[in-house]
Each structure stands twice: as C-alpha cells, then as structure tokens.
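Participant: Residues per chain, in single letters:
Number of protein chains: 4
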Amino acid sequence: MEKTAEKRLKQPKPAKGSDDEAKKASENREKILSTALTLFTERGFFGTPTSLISKEAGVATGTLFFYFATKEELIDTLYRRIKSEAAQAMCRNFNTEKTALAKLRRIGYNAIEWGIENPAKQKFMEQFAHSSFVSTTAHEEGMSHFLFLQDLVRDGIREGSIRDIDPGLLFCMMASSFSGLIARAYAEKDPSLRERLVNEGLDFIFNGMKA
Amino acid sequence: MEKTAEKRLKQPKPAKGSDDEAKKASENREKILSTALTLFTERGFFGTPTSLISKEAGVATGTLFFYFATKEELIDTLYRRIKSEAAQAMCRNFNTEKTALAKLRRIGYNAIEWGIENPAKQKFMEQFAHSSFVSTTAHEEGMSHFLFLQDLVRDGIREGSIRDIDPGLLFCMMASSFSGLIARAYAEKDPSLRERLVNEGLDFIFNGMKA
Amino acid sequence: MEKTAEKRLKQPKPAKGSDDEAKKASENREKILSTALTLFTERGFFGTPTSLISKEAGVATGTLFFYFATKEELIDTLYRRIKSEAAQAMCRNFNTEKTALAKLRRIGYNAIEWGIENPAKQKFMEQFAHSSFVSTTAHEEGMSHFLFLQDLVRDGIREGSIRDIDPGLLFCMMASSFSGLIARAYAEKDPSLRERLVNEGLDFIFNGMKA
Amino acid sequence: MEKTAEKRLKQPKPAKGSDDEAKKASENREKILSTALTLFTERGFFGTPTSLISKEAGVATGTLFFYFATKEELIDTLYRRIKSEAAQAMCRNFNTEKTALAKLRRIGYNAIEWGIENPAKQKFMEQFAHSSFVSTTAHEEGMSHFLFLQDLVRDGIREGSIRDIDPGLLFCMMASSFSGLIARAYAEKDPSLRERLVNEGLDFIFNGMKA
DNA sequence: TATGAATGAGGCTTCATTCAT
DNA sequence: GATGAATGAAGCCTCATTCAT
Numbered sequence: 093m094e095k096t097a098e099k100r101l102k103q104p105k106p107a108k109g110s111d112d113e114a115k116k117a118s119e120n121r122e123k124i125l126s127t128a129l130t131l132f133t134e135r136g137f138f139g140t141p142t143s144l145i146s147k148e149a150g151v152a153t154g155t156l157f158f159y160f161a162t163k164e165e166l167i168d169t170l171y172r173r174i175k176s177e178a179a180q181a182m183c184r185n186f187n188t189e190k191t192a193l194a195k196l197r198r199i200g201y202n203a204i205e206w207g208i209e210n211p212a213k214q215k216f217m218e219q220f221a222h223s224s225f226v227s228t229t230a231h232e233e234g235m236s237h238f239l240f241l242q243d244l245v246r247d248g249i250r251e252g253s254i255r256d257i258d259p260g261l262l263f264c265m266m267a268s269s270f271s272g273l274i275a276r277a278y279a280e281k282d283p284s285l286r287e288r289l290v291n292e293g294l295d296f297i298f299n300g301m302k303a
Numbered sequence: 093m094e095k096t097a098e099k100r101l102k103q104p105k106p107a108k109g110s111d112d113e114a115k116k117a118s119e120n121r122e123k124i125l126s127t128a129l130t131l132f133t134e135r136g137f138f139g140t141p142t143s144l145i146s147k148e149a150g151v152a153t154g155t156l157f158f159y160f161a162t163k164e165e166l167i168d169t170l171y172r173r174i175k176s177e178a179a180q181a182m183c184r185n186f187n188t189e190k191t192a193l194a195k196l197r198r199i200g201y202n203a204i205e206w207g208i209e210n211p212a213k214q215k216f217m218e219q220f221a222h223s224s225f226v227s228t229t230a231h232e233e234g235m236s237h238f239l240f241l242q243d244l245v246r247d248g249i250r251e252g253s254i255r256d257i258d259p260g261l262l263f264c265m266m267a268s269s270f271s272g273l274i275a276r277a278y279a280e281k282d283p284s285l286r287e288r289l290v291n292e293g294l295d296f297i298f299n300g301m302k303a
Numbered sequence: 093m094e095k096t097a098e099k100r101l102k103q104p105k106p107a108k109g110s111d112d113e114a115k116k117a118s119e120n121r122e123k124i125l126s127t128a129l130t131l132f133t134e135r136g137f138f139g140t141p142t143s144l145i146s147k148e149a150g151v152a153t154g155t156l157f158f159y160f161a162t163k164e165e166l167i168d169t170l171y172r173r174i175k176s177e178a179a180q181a182m183c184r185n186f187n188t189e190k191t192a193l194a195k196l197r198r199i200g201y202n203a204i205e206w207g208i209e210n211p212a213k214q215k216f217m218e219q220f221a222h223s224s225f226v227s228t229t230a231h232e233e234g235m236s237h238f239l240f241l242q243d244l245v246r247d248g249i250r251e252g253s254i255r256d257i258d259p260g261l262l263f264c265m266m267a268s269s270f271s272g273l274i275a276r277a278y279a280e281k282d283p284s285l286r287e288r289l290v291n292e293g294l295d296f297i298f299n300g301m302k303a
Numbered sequence: 093m094e095k096t097a098e099k100r101l102k103q104p105k106p107a108k109g110s111d112d113e114a115k116k117a118s119e120n121r122e123k124i125l126s127t128a129l130t131l132f133t134e135r136g137f138f139g140t141p142t143s144l145i146s147k148e149a150g151v152a153t154g155t156l157f158f159y160f161a162t163k164e165e166l167i168d169t170l171y172r173r174i175k176s177e178a179a180q181a182m183c184r185n186f187n188t189e190k191t192a193l194a195k196l197r198r199i200g201y202n203a204i205e206w207g208i209e210n211p212a213k214q215k216f217m218e219q220f221a222h223s224s225f226v227s228t229t230a231h232e233e234g235m236s237h238f239l240f241l242q243d244l245v246r247d248g249i250r251e252g253s254i255r256d257i258d259p260g261l262l263f264c265m266m267a268s269s270f271s272g273l274i275a276r277a278y279a280e281k282d283p284s285l286r287e288r289l290v291n292e293g294l295d296f297i298f299n300g301m302k303a
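Going down the list, the protein sequences come from chains A, B, C and D.
The first sequence lines up with residues 93 to 303 when you count with this note's numbering.
The second sequence lines up with residues 93 to 303 when you count with this note's numbering.
The third sequence lines up with residues 93 to 303 when you count with this note's numbering.
The fourth sequence lines up with residues 93 to 303 when you count with this note's numbering.
Don't read these hints as lab results, they were simulated from the structure.
Treat the hints with care, as some may be off.
No distinction is drawn between identical chains; accordingly, a pair holds when it is met within one copy or between any pair of copies.
[Stated by the list, open to error] In silico DMTMM-like links for lysine to aspartate or glutamate, alpha-carbon gap of 20 Å or less:
1) K281 <-> D258
2) K302 <-> D256
3) K195 <-> E233
4) K215 <-> D168
5) K147 <-> E177
For clarity, every value in this text was computed on a predicted model and none was experimentally measured.
The task is simple: from the sequences and hints, build the whole structure.
Facilitator: Spelled out as structure tokens, the structure:
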C-alpha cells in the first residue's frame with residue numbers, strides 16, 4: 093500500500109476515471125514546464141530563479157517542487173522532452189528517400205523547419221547541449237536519438253553518395269551548420285525568402301558533402 | 093571610472109615611480125583575469141563566485157573589486173580582450189592571398205589554429221557570444237572586428253569566386269561550421285591527423301562556398 | 093473540537109452503525125500514533141515531518157490532520173497516553189508491600205521493567221519530558237500520575253524507613269538514577285545478566301535511601 | 093600563498109600584531125557562540141533558526157556563516173568547547189585526595205558546582221549528550237575527557253573502597269544522579285540551603301557506592 | 001594597493017496545513 | 001472518512017559588494 097501511494101506521487105496520473113481528471117491534474121505541471129522553457133532560454137539556468145518560474149506559471153512556489161524535486165530535475169525533464177520531440181520531428185518520413193544523402197537532406201530539412209517553428213525549444217537545445225545542469229543520463233538519452241545519423245553518414249560514404257571524410261567531422265559540421273542556418277533563417281520573417289534561405293543553406297551544406 | 097581602469101590596461105603606465113611598480117600592480121590584475129577565464133569557461137558565469145576567482149588567483153576578495161568594479165565589468169573586460177585577440181590572430185597575413193575565397197580560407201585556417209591552441213578562450217567566446225552578462229557595447233565592440241568578413245564575402249561574390257547566396261547566411265554558416273570543426277579537431281590529439289581533419293573540414297566548407 | 097477528537101480515544105464509540113466501522117475508523121488513528129512514536133524518538137519532533145509520518149503509516153497527508161488538528165496535538169496525545177501507561181505499569185501491585193521503602197522499590201522495579209520492555213516509549217518520555225512541543229496541560233496531566241511518589245517518600249521518612257533528606261531531592265535523584273539504570277540494563281541483552289544489573293542498580297539506589 | 097590565505101580563514105587568529113586585533117576579530121564569533129548557547133538550550137536545535145541567533149547576537153546572517161560554515165558546525169563547536177570546559181572544571185585538584193572514592197566525590201562536587209554556576213552550559217550538555225545534530229567525532233572527543241572516570245571506578249573497586257558492581261552501571265547511575273542533583277540544587281536559590289542539598293545529594297550517591 | 005570581516009538581499013527547498021473531490 | 005494537489009511562510013545558506021585598516 094505504501095508503494096502504491098508512492099508511485100502515484102510523481103507520475104502524470106494514468107488516467108484513472110475520466111480524462112478530465114488526468115488532464116486537469118497535470119495542467120500545473122505543464123504550465124511550469126512551458127514557463128521554465130521560456131525563462132531558461134531567455135535568462136539561462138542560474139539567471140532564472142525558481143520563484144520566477146512559479147510566479148510566471150501562476151502557481152505557488154511549493155507547487156513547482158511538488159512536481160519537480162529540484163530545479164535540476166525540472167531542467168532535466170525539459171531536456172529529455174525536447175530532445176525527444178526534436179528527434180521525432182526530424183525523422184518525419186525520411187525513409188521514403190532512396191540514398192543516404194537524400195535521407196540526410198530530408199532530415200536536415202525537417203530539423204530546420206522544426207527549429208524555425210519552435211525557436212524556444214531550438215534555443216534551449218543549443219544552450220544546454222553541453223550544459224552541466226543537465227544530468228549525464230539525460231544527455232545520454234538525448235544523444236541516443238541521434239546516433240543513427242552517424243550511421244547514415246557512414247552508409248552514404250560506403251554508397252559513394254557522400255564524400256569520404258571523417259564521419260565524426262562531417263556530422264559535427266553538419267550539425268553546427270544547421271544551427272547557423274536556423275539562426276539566420278529565423279531572422280528572416282518573409283516566408284518565401286525564408287524558404288529560399290533554407291534551400292540555399294541546404295545546398296551549401298550538401299554541396300560540401302557530395303562525393 | 094570604469095573607462096579609466098580599462099585604459100590602464102594597454103598603457104604600461106606613463107611614468108610615475110619605477111616600472112617595477114607598474115608591472116607588479118598589473119600582476120594581480122592579470123592573475124585575476126586569467127583565473128576568471130578558466131573558471132568562467134569551466135563553470136559558467138553564475139556558477140563562478142567572485143570569491144572563488146579571488147581565492148584561486150591568490151588575492152583577497154577586495155582586490156578583485158579594486159580592479160573591476162563589478163563582476164560584469166570583469167567578464168566584459170575578458171570578452172573584449174579575447175575577441176580582439178582572436179580577431180588579430182585570424183588576420184595573420186591574410187592579405188597576401190589574391191582572391192576573396194583564398195583570403196577567407198586563410199582566415200579560416202588561422203581561426204581554427206588559434207581556437208585549437210587556445211581552447212579556453214575559444215570556449216569562452218562561444219559560451220558568451222550571445223550572453224547577457226556581457227554588455228551590449230562589449231558585444232558591439234567584439235562584433236566590429238569581424239564585420240570586414242561580410243564585406244569579404246560580398247567581394248568574393250562580386251568577383252565570382254564565391255557562390256551567389258545571401259552573404260549573411262554564408263557568414264553565419266561558415267562561422268558555425270568553424271565551431272564544429274574546431275571542436276572535432278581539438279578532440280584529435282595526434283598532430284598530423286588533426287592537420288588532416290582541419291584541411292578536410294576547410295575543404296568541406298569551401299567546396300560549399302565555391303561558385 | 094480538539095477535546096472531542098481526544099475523547100473518542102477511550103470511548104470505543106457509543107453505537108452508531110456497526111462496531112466494525114468504529115474499529116476500522118480507529119485503525120488509521122492508531123497506525124498514525126504508533127508510527128509517530130517511532131519516528132519522534134528516532135528523529136525528534138522537528139526532524140519528523142508530518143508527511144513522513146503519514147507516508148510510513150500508509151495514509152494520506154490529509155488523514156493525519158483529520159485525526160489530529162495539528163502536529164502539536166499529535167505529540168500531545170502521544171505524551172498523555174504514554175505517561176498514563178507508564179504510571180499504570182509502575183503501580184502494579186505495589187500496595188501489597190508494607191513499608192514505604194519497599195513500596196518504592198517495587199515501583200522502581202516495575203518502572204525499570206516497563207522501560208526495558210518499551211524502549212521507544214521510554215525514550216519518548218525522556219526526550220519530551222521537558223519539551224516545549226508538549227503543551228503545559230499535558231505536562232501537568234503527566235506529572236499528576238507521579239505526585240503520589242513524593243508523598244510516599246515523605247511517608248517513608250516519617251516512618252523512619254527512609255533517610256531524612258529533602259524529599260524533592262530524593263525524588264529527583266531517584267528518578268534520574270532510574271533513567272541511567274534503564275539505559276544501562278537495556279544495553280545488556282542477556283536476560284539473567286540484565287536481571288542482575290537491575291537488582292544491583294536498585295540496591296545502589298536504595299542503599300543510599302535507607303535511613 | 094593560497095594555502096596561507098586559506099588557513100587564516102577559520103582559525104581564531106594566532107594573535108599576529110597586537111592582542112587587540114585578535115580580540116576584536118573574534119568578538120563577533122564569541123557573541124554568536126554565546127547567543128547560540130542560550131537559544132539552543134531554550135528552544136532546541138531545530139527550534140532555533142540561524143536568523144534568530146544572528147539577530148540576537150547583533151550580527152548579520154552572513155556573519156554567522158562566515159564563522160561557521162553550517163548550523164551543525166556551530167553546535168559542534170559549542171559542544172566541544174563546553175565538554176572540554178566541563179571536564180577541566182571537574183578535575184580541579186582531585187588528585188590531592190587519597191582514595192578513589194574520595195577522588196570521585198571531589199570530582200562530583202566540582203561537577204555539581206560547575207553545573208550550578210553554568211546552568212546554560214549544563215543544560216546544553218544534557219540536551220545534546222546523545223543528539224544527532226552533534227557530529228560523531230565531536231561526541232567522541234567529548235567522551236574522551238571522561239573516560240578516566242570509568243578507570244577510577246574500577247580502581248575504587250580494586251582498592252575495596254567502592255562496592256563491587258558493574259562499573260558501567262555505577263558510572264551511568266552516578267552520572268544521571270548528578271544531573272538530578274544539579275537540577276534540584278539549582279532550583280534552591282539560598283546558598284547555604286543549596287550547599288546542604290549538594291552535600292545530602294553526594295551522601296546519597298556515595299552511600300550507595302561505598303563498599 | 002591590498003586585505004578580509006561584515007553585510008543583507010535573494011536563492012533553493014521544506015513542510016504544516018487546507019480543501020475540493 | 002480518505003485523498004493528495006496546492007499553498008506560502010520560513011529555513012538554511014550563498015555571494016556580490018563595501019569599508020575600515
């Protein structure tokens with residue numbers, strides 16, 4: 093009985109009874125998470141007092157700690173979630189493409205699109221990519237979603253569609269180029285110009301990659 | 093007053109007394125700056141108490157505040173210095189090159205070399221590139237050293253040596269690619285392999301840029 | 093309201109519904125009290141959050157406050173109960189003895205036996221004997237069970253069986269000696285050695301008391 | 093140089109320069125210690141916020157933590173000091189006595205006198221004798237001052253001046269009797285009556301101990 | 001110039017208690 | 001009766017900064 097009571101504590105409630113209950117139960121939790129996302133990206137981890145998060149989220153200070161035992165646990169949860177969401181968005185039907193190069197380009201396109209549409213999450217990911225506030229396990233979990241990309245690069249090299257250079261380097265530069273591209277494209281508010289920038293950027297990157 | 097303190101930096105003190113005094117006086121200031129560089133990159137701005145900086149630098153807490161009115165002024169000074177040093181290193185005889193593309197490649201090579209040889213400074217620059225701890229004026233001053241690069245890109249396009257795409261985009265992606273390249277190359281400790289990585293990376297970038 | 097809750101304790105609920113209900117209703121109350129006893133002795137009053145008590149007792153946080161309006165009321169109830177139980181145990185057929193000295197010795201023996209057999213309660217009594225967490229009225233109520241001892245000491249002096257010294261002093265020293273004796277005897281796990289210790293201790297005390 | 097600076101930090105200052113400096117430097121430290129002593133005995137450890145200690149001591153909150161890294165370190169320091177002071181007071185020329193019994197009685201007398209004259213310290217010692225707020229090492233250090241008493245008891249038994257019972261028990265009961273005696277004697281404000289109580293109490297205890 | 005004791009606002013977290021279900 | 005999410009005051013501790021020496 094104790095165990096049961098304990099487990100219930102921190103789970104998003106398994107929808108016992110009506111959906112309304114479950115939804116309402118985690119409403120505060122979600123408010124806290126989304127507020128934290130905004131504030132962390134705007135002001136950094138140490139620059140954002142938990143008191144500010146709870147105030148902006150419209151809950152009491154204690155409520156934040158009811159859902160997240162520590163500030164670290166809050167940012168960790170956020171990190172895992174966003175990494176996972178990004179990975180999922182990135183993979184949207186990339187497997188319909190034939191070559192590894194085409195697959196990568198599709199993935200890149202997806203990533204950029206998602207980054208532009210979710211600027212706060214994008215900034216969050218960049219900001220905390222190597223941060224020590226995020227636990228090692230969360231970093232590893234986040235990383236795991238992206239490991240297949242390295243394989244894809246290797247496949248491309250084997251296929252001959254991708255230039256034969258150090259796959260780690262390629263991956264590293266591709267990733268950082270995407271960051272730069274997203275930053276620049278996001279600054280451009282006109283949709284068609286932005287679309288053009290994205291394509292130019294992808295050309296730039298994949299020109300460099302072609303065998 | 094801030095300005096005064098700062099100016100002292102590069103003027104080895106007019107005369108007044110002996111040179112020894114001046115040298116000795118600046119010694120503590122330099123110890124503080126170099127300690128702060130290490131600690132800020134390792135632990136971030138808020139993660140580094142001024143008391144830790146002064147302890148590690150081997151001076152009293154009051155001494156730090158004698159040289160730098162606030163913690164912000166300390167990081168600002170560091171930022172200006174490092175940006176300026178990086179810019180200078182980057183430009184090492186780039187003008188001997190003929191085309192804009194070649195100049196850029198030379199600059200890129202210099203930048204990467206400096207980044208690998210000064211990892212703390214490199215990390216510091218990346219970490220605080222968009223940070224709000226650094227004053228706007230310091231950011232602008234830092235930026236100013238690099239504006240000529242945009243012009244160089246434009247020149248290259250005009251010349252026909254560089255692909256005709258949005259110069260801002262090109263600049264952005266080039267810069268971020270360099271970051272990725274430095275990160276990867278720094279991880280490689282063998283000098284000749286590292287050299288090869290750097291060249292492969294530059295090829296990657298400049299293949300994408302070529303007209 | 094406090095009083096009402098308290099009275100419920102010893103009155104197994106008049107009628108109203110079945111006995112089962114009453115029994116079940118009190119079950120949680122008892123679980124809370126016994127859990128609190130253990131935790132308070134192990135960790136002190138402030139060291140024991142009510143949330144821990146309710147968790148270990150296997151009830152919800154709200155349930156504790158249904159039975160005890162405040163944390164103070166909980167410890168107060170515990171205190172009254174234990175004091176009363178101790179007093180009762182102490183008095184087990186002491187009146188069969190003839191002299192005041194013999195009565196006191198019997199009482200002492202009972203007290204020590206009870207203390208050894210109920211270590212948590214014994215510790216609780218010592219810990220909160222002068223504590224401000226327990227209300228003054230509870231302290232007075234607790235004290236009242238033991239006042240007759242002072243009279244017994246006085247009787248003994250009058251009878252000539254007890255040495256003529258300040259009764260308050262005698263009482264005080266007797267009580268504290270018992271504490272010391274219980275502590276030492278409890279540490280001895282072998283029953284017969286323990287019995288010997290108890291008797292040696294009683295001899296020590298009553299040698300000093302004899303006229 | 094760093095090391096030097098570090099060591100200086102928490103030491104009571106080795107009287108470098110004039111005595112005035114040293115005295116003044118630790119004035120706040122002493123105020124904090126004596127205030128904490130009073131408050132801890134009156135309200136317990138958890139019942140005494142550090143903010144109250146600093147307020148009553150007339151210093152800022154930060155000052156307390158400048159001298160004592162944690163609340164635990166504060167109580168630990170207090171504990172060590174008081175235990176050591178008590179031990180010293182207790183031993184005042186006890187060696188002029190001949191038999192172990194006489195030595196113990198002299199020690200007892202000293203202890204009681206000190207306890208009456210330093211009621212706060214006496215209460216503190218009793219209250220935190222087995223407390224978990226005080227570190228194990230401090231407990232051990234405190235205990236070490238009193239170990240010779242057990243030997244003295246054993247000597248007395250060997251000599252034949254002390255009754256042959258479990259030395260641990262004797263020690264335990266003696267110690268707790270002293271507590272009771274001090275408590276009772278302290279309540280008596282008239283000096284000559286108090287003196288009489290003390291002697292009666294000692295008679296009580298040492299009557300019980302005599303062979 | 002250099003020191004380091006002193007300050008106090010502010011940060012993270014705990015916990016007794018309430019209340020709608 | 002029972003639940004557990006929600007509250008917010010209060011606790012411990014940190015740290016940028018000041019100032020007398």
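Participant: If a hint holds in the structure, say so; if it does not, say that too.
Facilitator: Hints, one by one, checked against the model:
Taking the shortest Cα distances, K281 and D258 sit within 20 Å of each other only across copies (15 Å), while inside one copy they are farther apart (36 Å). Taking CA atoms no more than 20 Å apart as the test, K302 paired with D256 passes in both settings, with 9 Å inside one copy and 19 Å between copies. Taking CA atoms no more than 20 Å apart as the test, K195 paired with E233 passes in neither setting, with 23 Å inside one copy and 42 Å between copies. Taking CA atoms no more than 20 Å apart as the test, K215 paired with D168 passes inside one copy only; the shortest distance there is 15 Å, against 23 Å between copies.
Neither within a single protomer nor between protomers do K147 and E177 lie at most 20 Å apart by alpha-carbon distance, with minima of 26 Å and 35 Å respectively.
Violated hints for the displayed structure, listed by number in ascending order: 3 and 5.
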